[in-house]
Amino acid sequence: MGYELNDVSVKLNGVEILQSVSCTLQEGKWISVIGHTGAGKSTFAKVMKGLVPFYRGEYTHDRQPLPRDSKGNMKAVPQIGYVFQYPEQQLFATTVYRELAFALTVKGESPGKVEAAVKTVMEQLGLPADLLQEKPFQLSGGLKRLVAVASVLITEPELLILDEPTAGLDSVHRTALLKQLQVWQREKNRTVLLISHQLEEVADYSDEVMVFQKGHLLAHLEANELFLKCADLLEQAGLPLPEPVQLLRLIEGISGRTLTPASCREEDIMQLVRNVWQSRGLHHEG
Amino acid sequence: MLVFDQVDYYYRSRNPVLRQLSFEIRQGEFLSIIGGNGSGKSTLAKLMNGLLQPREGQVMLDHLNTRTPDDLGKIREQAGLVFQNPDNQFITTSVLDEVIFGLENLRVPRADMAGRANMALQAVHMEDYAEAMPHQLSGGQKQRVAVAAVVAMEPSIIIFDEATSMLDPQGRRDILELMNSLHRQGKTIIQITHHMDEILSSDRVLLLSRGEIAFDGSPSALFSSVSITEHQLSPPFAVRLHQALGLKAPLRADWKETVSALWATS
Ligand SMILES: Nc1ncnc2c1ncn2[C@@H]1O[C@H](COP(=O)(O)OP(=O)(O)OP(=O)(O)O)[C@@H](O)[C@H]1O
Ligand SMILES: [Mg+2]
Chain A
1 MGYELNDVSV
11 KLNGVEILQS
21 VSCTLQEGKW
31 ISVIGHTGAG
41 KSTFAKVMKG
51 LVPFYRGEYT
61 HDRQPLPRDS
71 KGNMKAVPQI
81 GYVFQYPEQQ
91 LFATTVYREL
101 AFALTVKGES
111 PGKVEAAVKT
121 VMEQLGLPAD
131 LLQEKPFQLS
141 GGLKRLVAVA
151 SVLITEPELL
161 ILDEPTAGLD
171 SVHRTALLKQ
181 LQVWQREKNR
191 TVLLISHQLE
201 EVADYSDEVM
211 VFQKGHLLAH
221 LEANELFLKC
231 ADLLEQAGLP
241 LPEPVQLLRL
251 IEGISGRTLT
261 PASCREEDIM
271 QLVRNVWQSR
281 GLHHEG
Chain B
1 MLVFDQVDYY
11 YRSRNPVLRQ
21 LSFEIRQGEF
31 LSIIGGNGSG
41 KSTLAKLMNG
51 LLQPREGQVM
61 LDHLNTRTPD
71 DLGKIREQAG
81 LVFQNPDNQF
91 ITTSVLDEVI
101 FGLENLRVPR
111 ADMAGRANMA
121 LQAVHMEDYA
131 EAMPHQLSGG
141 QKQRVAVAAV
151 VAMEPSIIIF
161 DEATSMLDPQ
171 GRRDILELMN
181 SLHRQGKTII
191 QITHHMDEIL
201 SSDRVLLLSR
211 GEIAFDGSPS
221 ALFSSVSITE
231 HQLSPPFAVR
241 LHQALGLKAP
251 LRADWKETVS
261 ALWATS
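Protein chains in written order, with UniProt numbering: chain A, 1 to 286; chain B, 1 to 266.
Be a bit skeptical, because a hint or two may be false.
Below are the DSSO-like pairs computed for lysine-lysine, each with C-alpha atoms no more than 30 angstroms apart in a straight line [stated by the list, open to error]:
1) A:Lys135 / B:Lys46
2) A:Lys46 / A:Lys11
3) B:Lys256 / A:Lys229
4) A:Lys11 / A:Lys214
5) A:Lys29 / A:Lys107
6) A:Lys188 / A:Lys113
Note that these hints are calculated values from the structure, not bench results.
Required output: the full structure, derived from the provided sequences and hints.
This is the structure we're talking about:
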């Protein structure tokens, strides 16, 4: 169940950009998409949203084919939210308030409800209320991005796709965004599809990870499985291990012990490494 | 030398962005500028190459002043700025033309243009895409082209405004290496970044906060002296590791060597 691709291929200007991709995005999961520049991550995400036509394969939601227009082309899937890689591709309104209120107003929500939703999403992302009267295009790069995320999050989509949402965010806003998305996604059993180059944040937040390489889906695994057991796959995709996992491997190497952390999250790895370090008598307080 | 002398800047007078900023950047320095979202980093970058003029005070590049209209051409030749978001700065229909475009304004002889542009594309590993359309590139590829366009102009100061934000780990390393190699050639490198691991190799860090300079010094001094979390930043992995394990050894970008050495001596 969930959103499902079966053997989907995409060609743009005669070049095969995605080759024979099959996957299921299960409800309630945080799935991250990684791969080097140009591996096809954004194209894959656009296929999921129904923005890019594919010449082969099929796309279903809960086993039902997705609706098409009268010419048989895919349509943008309304229940899927999409935050673009560049906020400029998305922002259009004259004030931040209007930007955030737009989708709900179009849906016919009452002004009171819209206002409450805007307030909530601003708080969730740690944005100050005085931003609401600003022009989105005049904000700093990071603030623009947060407004773009907020304008999609406010619609509470079934599946939320974010294309590098943390690029350009300072660490406070980055952590706030990821934590809030996780809370929202778990509470409401929503699906998150996160495209990211930050392997550390992928390891910290994901249930599953999809690895793309040159238009192929090289692997789709549980995050723990990928980062702790399948280093070779990452290497094949031209990606380094997240730094905490590199630390784990280093300590294994120099101690000659096999270490099994509770998960691939930095917190769990640090805890384990700290124990090993202390047992060696290497720990000094302060 | 690039000199900021009591610079004030605001977009609207009731919202000051930079206040009474004074500092100097020497030729050949490798400087990182950090600070929270909206703290004024990009504004500072645009003041450096005269895209914006100070409301009060002066920005001087050697004897040139960004407030003197006749100096602006020379200032922009000497100080190149790679913008934060490359998507809205492409104007031509091929990657090569995009890089050549900048050279046309610099009175570079026609015969040299293609050669210089190709060298710059090689430096960012985009030579295979010379004929591609800029708008069809991936985000990370666009960012590389934007870097190449500035590098081709051979300015003596290059300002990178979050030039690595859209890149994969390899791409980030490539751009950092390019910065290092330009620095070794004697260029002044100024990078704006949110990635604290990227600042460890610079000579000097400026931390912007509420329109003022909250810190000016070496990267290791920054992580030991200032509570950077107060300024919406978090320490890089190497520093988190030092804290978690209580390491006393001096902070280095390459934490692996530090850990191995400490283990071996115990
Ligand atoms: N063209 C503009 N008109 C009005 N205000 C602006 C304009 N550009 C920037 N600002 C405001 O000036 C302040 C500083 O913006 P700036 O872009 O310099 O920040 P920054 O440090 O680069 O942030 P980021 O890390 O998000 O890129 C912000 O409050 C921003 O909203
Ligand atoms: Mg900026």
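- Task: Would you mind confirming whether the straight-line C-alpha gap from Lys11 (chain A) to Lys214 (chain A) stays at or under 30 angstroms?
- Result: Distance ~13 angstroms between Lys11 (chain A) and Lys214 (chain A) Cα, so the pair holds.
Can you confirm whether the C-alpha distance between Lys256 (chain B) and Lys229 (chain A) stays at or below 30 angstroms? 21 angstroms, holds
Check your understanding: Under the criterion that the straight-line Cα-Cα distance not exceed 30 angstroms, is the pair Lys29 (chain A), Lys107 (chain A) satisfied?
Key -> 27 angstroms, holds
- Hint consistency between Lys46 (chain A) and Lys11 (chain A) [alpha-carbon to alpha-carbon, up to 30 angstroms]: With a Cα-Cα distance of about 13 angstroms, the restraint between Lys46 (chain A) and Lys11 (chain A) holds, given a limit of 30 angstroms.
**Study point:** Agreement of Lys188 (chain A) and Lys113 (chain A) with the hint, judged by alpha carbon distance not exceeding 30 angstroms
**Key:** 19 angstroms, holds
Subject >> Lys135 (chain A) paired with Lys46 (chain B) [C-alpha distance capped at 30 angstroms] >> reply: 20 angstroms, holds
Every hint, counting from the list given before, is met by this structure.
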